[in-house]
Every structure is written in structure tokens, then in C-alpha cells.
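Starting from the known structure of chain A, fit chain B onto it as the hints suggest.
So the protein lines, in turn, are chains A and B.
Residue numbering for the first sequence is 1 to 310, as defined by the numbering used here.
Residue numbering for the second sequence is 1001 to 1297, as defined by the numbering used here.
If you're looking for bench data, these hints aren't it; they were derived computationally from the structure.
Check before you lean on any hint, since a few could be wrong.
Lysine-lysine pairs mimicking BS3-like chemistry, simulated, CA-CA at most 30 Å apart [stated by the list, open to error]:
hint, chain 1, residue 1, chain 2, residue 2
1, B, K1289, A, K143
2, A, K236, B, K1230
3, A, K100, A, K80
Ranges of calculated distance between the beta carbons of each label pair, as one might list FRET restraints [stated by the list, open to error]:
hint, chain 1, residue 1, chain 2, residue 2, range
4, B, R1279, A, P139, 47 to 53 Å
5, A, Y67, B, P1151, 26 to 32 Å
6, A, I65, B, K1289, 28 to 34 Å
7, B, P1158, A, R302, 26 to 32 Å
8, A, V23, B, G1148, 46 to 52 Å
9, A, I65, B, I1119, 53 to 59 Å
10, B, N1102, A, Y67, 57 to 63 Å
11, A, T223, B, N1177, 31 to 37 Å
12, A, I65, B, T1075, 52 to 58 Å
13, B, V1281, A, P139, 49 to 55 Å
14, B, T1152, A, K26, 30 to 36 Å
By construction, the Cβ of each residue, glycine as well, lies at the ideal position given by its N, Cα and C atoms.
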Amino acid sequence: MFDLNVPWPINNYTTKPTESQLVGLKNTIVTLYALGYTHIAINFTINEAIRIPVGSPEQINPINIEYLTSELVPKFPKLKLFTRLTLIVSDPAKLQGLAKIQSQFDILAVQPVNEKALQLCTTNLDIDLISFNFATKLPFFLKHKTIGSAVEKGIKFEICYSTVVSGSIGYAVTDNSINVQLIKKNFFNNVLQLIRSSRSKGIVISSGASQPLQTRNGEDILTLLKTLGLDQSRAKACITLNAERVLVSGRLRVKSYKQTISAGNEPEEALIEKREVKKEPDQKKANTLAYKKRLGDSSSGRLLKKQRRK
Amino acid sequence: MDRKNILEKHLLSRCYDSEGIISELLETRYSHGGDQKPILIFRSRGSSENDGKKSLLHRETTTKSQSVSVERRKTARVELRNYIKQTTTNQKKLVKKVQAYNRTKTSHSKPFPIDSMLIHYKIPRYEDFSNLGGLWQKYMQDLLFPNGVVPTLGTILPKLSSADYTGCLLTVIQSKNTNLIGVRGFVVCDAQFSFILCVPRNEDSKEWNESKTNFSPSEMIGGFRMVSKKGTLFAFDVILPKNVENEGNTEKNENEEDDDEEEEECIGFTLIGSRFEFRSVDRSGKKFKGHTADDII
Chain A
1 MFDLNVPWPI
11 NNYTTKPTES
21 QLVGLKNTIV
31 TLYALGYTHI
41 AINFTINEAI
51 RIPVGSPEQI
61 NPINIEYLTS
71 ELVPKFPKLK
81 LFTRLTLIVS
91 DPAKLQGLAK
101 IQSQFDILAV
111 QPVNEKALQL
121 CTTNLDIDLI
131 SFNFATKLPF
141 FLKHKTIGSA
151 VEKGIKFEIC
161 YSTVVSGSIG
171 YAVTDNSINV
181 QLIKKNFFNN
191 VLQLIRSSRS
201 KGIVISSGAS
211 QPLQTRNGED
221 ILTLLKTLGL
231 DQSRAKACIT
241 LNAERVLVSG
251 RLRVKSYKQT
261 ISAGNEPEEA
271 LIEKREVKKE
281 PDQKKANTLA
291 YKKRLGDSSS
301 GRLLKKQRRK
Chain B
1001 MDRKNILEKH
1011 LLSRCYDSEG
1021 IISELLETRY
1031 SHGGDQKPIL
1041 IFRSRGSSEN
1051 DGKKSLLHRE
1061 TTTKSQSVSV
1071 ERRKTARVEL
1081 RNYIKQTTTN
1091 QKKLVKKVQA
1101 YNRTKTSHSK
1111 PFPIDSMLIH
1121 YKIPRYEDFS
1131 NLGGLWQKYM
1141 QDLLFPNGVV
1151 PTLGTILPKL
1161 SSADYTGCLL
1171 TVIQSKNTNL
1181 IGVRGFVVCD
1191 AQFSFILCVP
1201 RNEDSKEWNE
1211 SKTNFSPSEM
1221 IGGFRMVSKK
1231 GTLFAFDVIL
1241 PKNVENEGNT
1251 EKNENEEDDD
1261 EEEEECIGFT
1271 LIGSRFEFRS
1281 VDRSGKKFKG
1291 HTADDII
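Chain B on its own, in the form it takes in the complex:
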């Protein structure tokens, strides 16, 4: 018989010590001369726990993988999420404070100490991100105009759709939520369903706020804004690098230099948020498909 009876052998090895007994049992079980019992008897061995052999149901447990240390649980993603959560709650607190101050305000009371409060609540400032914005512009110039020439839209747009937007200055130009229109700021985090923007304060907060003198508490504070991508159009500009040669427009450029400090040129693009609801990681390798345009407007 070429049957090895591995299963039975394995089970019996737990009950009997010597190989001889096991092979004898199996021999009698399956041979014509034997008793051909349909049963196997397993004997319990009292000392089996102690002699180092592991039980059949035993699973290897490694202490390392089962319990993750507090340090290891701190991934960058979780940290970022906590930070954003913390900042938004701080912003809310500060807004409430400003509102409370405005209610009790008398004509000769001191102005609200907004600057020290911003530092106290650790509200991120828009100016801190402007370097990131500069880096993004440089990245875009490298990506879009690699040889110093402006390619066609057909080659630029696919590149843009798989590009990274952290650090880009986005402006909401159309949204189902009309309160959002005009909000602008640097992208801090490109989440799946929303952009988290760091918005400027006071005069810079919206394009049409430049001549205003009174600002709402949230405009005074700035900080982070979560702008959902769905139903929103974002505008952004890519500055053309100075060394790009526009043969057709050389004369025009010379004229422009007369105006004031050399006038930079940019190309405007619109990001359609409803079609952008992917994580930036997934988006880089994604093949986009056209759909109906009904939900865009």
C-alpha cells in the first residue's frame, strides 16, 4: 500500500510514544489480516502539556505583531489627521471667543488681541505656506514645460490630472455651497473627498474683500478650511517660467517690460472637483473616463 496515512500517523503520534506501536496499529487497521476497526483510539497522555510538544490547536503568537506600541501607532497619516482635527476645533473655539467679545464690546474697550490669540491657539498662518506654494509652482513648471517650450493642451492636461496638488493656490470659483465661492488658499492636504486649504486672513481672504474694513470672525482667524470637492470648481494658475520662448510673442514681451517690473504670465486652469474624488495616490495611476456633464453645473 502506498498510502502513507499521514493524518492518522500525526494524530496517533500525540497519543503513543513509539513509532512501532503506531505503525502496527495502522497496519492492522488497513490490512486484510487485521481487525479493520473503523475507529481509532486516542489515549490522553497526562504529561503532554509539559514535554514541550505543542498541541494541534496551538498557533504561533509573536508578542511583537500582536501588540503595537504607542510609538508605532503614530503614523504620519494619523498624526496629520489629529493635527487637522485639533486645529479646526481650536479655530472654532477662537471664533466663539471673538463672537463673545463682539457681543460685549463697548466703544472704548481694547481691540481684540487677535495676533496673540492666533499664536496661543496655534492657528496655522497663511504666510507660512507661501514657500510651499513656491515649491509647487516650480514642480509644475518642471512637469509641464520640461524643455522650456509650451506643449499642447492635449499633453498638459493629462499630466495635470495626475499631478500632486499639495501647495497649490486654489480658488473656489463655483460651488453648490454658495458660501464657499471666493475661498482661496494653499492646499495643505488633498483628501479623497475634500481639499484642506490654508486660507489667508482679513483683506486677502476673498478677492472682493480687499476694500472691506469689517471682517467676520472666521475671516479674521483664517486657518484651515475643508472644501468638499463635490460640486465645486477650483481655479489655479501655473506661472510660465521666464525662459520659455514664445516665438510668436517676442515683440509683445518687449513691450510688456516697459510697463513696470517684468510682468509674469500664467496659464489658468480649472479643476472640476466632482471628477476628482480620489486619493492623490490612486489618482496618479488612474485612467479617467468621461461621464455626463449633468452633475458638474
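Just chain A, same shape as in the assembly:
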């Protein structure tokens, strides 16, 4: 299963996460893994007003994925970690330099806050995912035409269930000024609107959980989606197939040339396979050599060797 939204604790470039925040993040990931999620994307959300350090590519992605993989993957071998960027967009004109950013993240998502931004995201931008803030009432009406054209283009829409499961019990993250009941009401209203306008197609559900207790397993999510009016197969696609498509399209943007040839050919997950090479001074070279392997390690390579010996 796929969870495409585990928030990175920091929302800007200036501060670094504290030790306790990282522990919390690791706990969340481990809890998700225990619930059956193998592909987890860590989400870095920034406002469009924050300037992205486009000049220095290694600073664009603040998520310390190497640290996390080195800590977690040896213990949980099936775990695959990805990075995701969510841009909160209100004025489309301010958004620029997406081309340089997109190679640094595995998934690109956009959170439009008004109708104009949504319109732009669906038509112009090369992104994988659109998410909304479901906690507050959406300031605009979702039209089937806009949403439908986005779904046709392959852009998926995200529902974060943490807004509805976090709440009054004591692990609430929202400030108390907003009523928890109101948040839940808004969530259901907004999700129903999204399901209506997208005709239940192209929906991805993800946790958005900043604490381990906010995660849910697949069965619970299916129940939630069924309550919202999706049928069994569509609900299942939300956590498996659609999410995988988001990941594939995002990964292919990084590691393939216009989805024709992609680097790496592991039989199981050729399209989303991710390899990191230890940071070398010559960063550019590493990105090709990451996919290097011994000839004997690949099946066709063994066949080639066999012939030569004859």
C-alpha cells in the first residue's frame, strides 16, 4: 500500500528539525509500515511566498532522506521512502522555476487556495497531485469540467484523512480556535464535493499524519471511503492503484526521458525504483552511476556472459 503524505515537521528552509521531531516522524513511518504501508512519501509543504534556493540544487530538498533510509530501511527491508513537495499556491504568477525543483523531489503536489490557481494547475503545470485543505470550507465550487480535465491529464486528487481522525481526544494538532466538529463537517462536505466533481475517478487517499496515532490501516480507510459513497473497487484503487500511478508519473519525470527510456531495471519495480549513491564531490556523475551494477547481477547479463564463455 501507498501513503503519499507524511508531513516533514518543518515548513521552511531556515530551521532544521529537532531531534524529537525526527523521532516523531520515524515513529509515524514505522507505525505506517506496521499497518501494511510499504511506499511512504515524506511531504515537504511550503508556501509560495518562501523563496526556494534554486541556485544550489542540493539545498532545494531539505528532507534528509539519506538519514531516514539509513536508519529505517535496514530494520524494515521492504520500506521504500520517497520525497514530495507541496506548494501552496494562491497567485499563479508567482509560481516559477518549477523545472529546476522537479528533479529534486519524487512527487510534485500543489495545494491551490483559489479557483484561479486550481485552473492553472490543471492546465499548465506538470504536476502529479493536487491536494486541498479540507479542514476549512473550500472558498470555491469544484467544477466537474476543471476536475475532470485534470483527471484526464493524469493528475490525481488527494484526500488527507488525518483532519478527520485527529480531534478532540487529546492528540489534536489544530489550535483550539477552530471547532473540531466544524472541521469534520467541512471535511465531509468538501470530500463529497470532490467525489461529485471528479465522478469518483482519480482520487488518492493519504494519511497526512504527523503523529503515529493518526494513522489508519487499509480496512479503516475503505470503510471511510464507503461511507463517503465510493464503491469497493474505486475505494481500493484510492490506496493502491491511483497512488502507485502518482508515484510512477513522479518518478518517471525524474528518471526517464519523456517516459520512453528510464534508468534502472529491477524486475519488480522498474519504474519507481530509487537508488541513491553516497554524495560524491562530482554529483552529476553519481546520478548515472547509481544504476550501475555488475553484469552478473542482471539476468540478461548472465546470459551474455554465458555465451562468451562458450
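Relative to chain A, chain B alone:
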């Protein structure tokens, strides 16, 4: 009058012999003094067929272009297509033969003479293409690592997308047709919608067949396989040339040499068949565009 009345002149020239009569007729037709008849009279000249003048409806026919000789109809493309067709039908025949043999097989009957049958039916052998595979690897090394250095993925991948794949060893790693998964072989022909692979026999036919002892008839025969590109992922490896210097990994290389005969390294790539449905000629100059990734998985 500067009107030349070319059309009328031309038509009249078929009916009257002398220029004088024609010009006189036209003069009277258009001048104020003439009778200004709205008609032209064409006279038939009985002998017009014979005097060498061609009729107005006559079209030049050259005997050469109209009828193509049998020799000229044999273009390389048609020949290749016929050859592939012939081979696939032969393969089918041979498969049926093996199946028929298996049905009537008793414990002490002779084993099926597969080798002589392969020669008899002219089934292409995988080993014959291994030289082509070597040539392709060399071509790839020249194309991708021209100066002996490994460039970035950003420069390698566009080159690969417009490269030629005849002779490449492809392995199907994912396909909507689950029977195809694991099929591997050298590309014989890169058609628009399919790759035609020459696959190895018996143990080599699939990666997981290496320890098997019983093989299906088609695995015993090998030959050509048509693998449609749609919904299929192909894997291939490009061997790194030995003289490529990896400064960062020099120490590692020295260690590897201790292992056994010098271990070669390769870079793996995946070819996404759904995005490759072009003829190789068109593909070389094509600008690819990204689409939704929904149909890939």
C-alpha cells in the same frame, strides 16, 4: 486585341490543317465586322489517328513505370516480412509436431530429433544472433560514452530514446500479457507496434528456467517471438566499456579484480513499450512528449 485565344487555337488546330483558316475563323469570331458566332465547329479529320498527332486525351505511358518486374517488387522490407512470416509458420508446424510426438510417446521410444528438425524447418538459432548483440553493445558504448566518461542521465536518456535497438538483448519484465514476462532475446526487427525477438532455447529461455528439466514445445524450439510493445516494459543492459574511468570507484575496481575473471559492469535501463510505438525511422527524429502515466502500469 491582345487576347491570344490559345484554347480555341489549340482545339481548332486539330480540325484544320492550315494556320490561315484558324486565324481567319478566330478573327471573324471576335471582331466587330465578323459574324460573331457563339459556336465553333470542329470537323473530324478522318486520318488524324494515323498522322502521328496525339489526341487531346492522350497520356504518356511508359512501359517501365507501369509494370514492375518481379525482381523489383522484392524490396528488403517485403523480403523480411515474408521471411518472418515463413519462420513463424514453420515454428507453429514444429510445435504441433512436438505435441503430436508427446501424445504418442512411450517410455522406450526414441527422443524427438529436435536438432535435425530445427535445421530442416530453418528455425533461426539464438546463437547466430549473438554477434549482432556484440555489435549493438559496441554501438551503444560509442553512442553513450564517446569520450570514455559516463555522462549524466539527462544526456544519456534522450540518446537512448532515438537509438536503434536491432541486436539489443531485451527482457520483458512487466506486461499485461503475463505469459510474456521473462521472455528475452535479441531484437531482430523493431516494428512499429512490436519487437521481434530471437529467443534462446531450453535452459536459457527464461531466467527461472535454468534449473528446469522439462520444457514446453515452444521453449524447445525457440526461434522468433513477436512481443507487442503496448503495455510491456523491457529491460536491457549496456555494458560499460573497460576504459571508462570512474575516479570515485577506482579502489573498488581493484578489489573486484581479485574476485574472478575481471567483472564487467553495466547500466540497466527500462524501455517503456507503450511510449515506443513508432517505427525506428520516425523515432530517430521524434520529439517525445510526456503523457499521463496511467496506461503504463
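Verification of the hints:
no.: 1; hint: K1289/B to K143/A; verdict: holds, 28 Å
no.: 2; hint: K236/A to K1230/B; verdict: holds, 25 Å
no.: 3; hint: K100/A to K80/A; verdict: holds, 24 Å
no.: 4; hint: R1279/B to P139/A: 47 to 53 Å; verdict: holds, 51 Å
no.: 5; hint: Y67/A to P1151/B: 26 to 32 Å; verdict: holds, 29 Å
no.: 6; hint: I65/A to K1289/B: 28 to 34 Å; verdict: holds, 30 Å
no.: 7; hint: P1158/B to R302/A: 26 to 32 Å; verdict: holds, 29 Å
no.: 8; hint: V23/A to G1148/B: 46 to 52 Å; verdict: holds, 47 Å
no.: 9; hint: I65/A to I1119/B: 53 to 59 Å; verdict: holds, 57 Å
no.: 10; hint: N1102/B to Y67/A: 57 to 63 Å; verdict: holds, 59 Å
no.: 11; hint: T223/A to N1177/B: 31 to 37 Å; verdict: holds, 35 Å
no.: 12; hint: I65/A to T1075/B: 52 to 58 Å; verdict: holds, 55 Å
no.: 13; hint: V1281/B to P139/A: 49 to 55 Å; verdict: holds, 53 Å
no.: 14; hint: T1152/B to K26/A: 30 to 36 Å; verdict: holds, 33 Å
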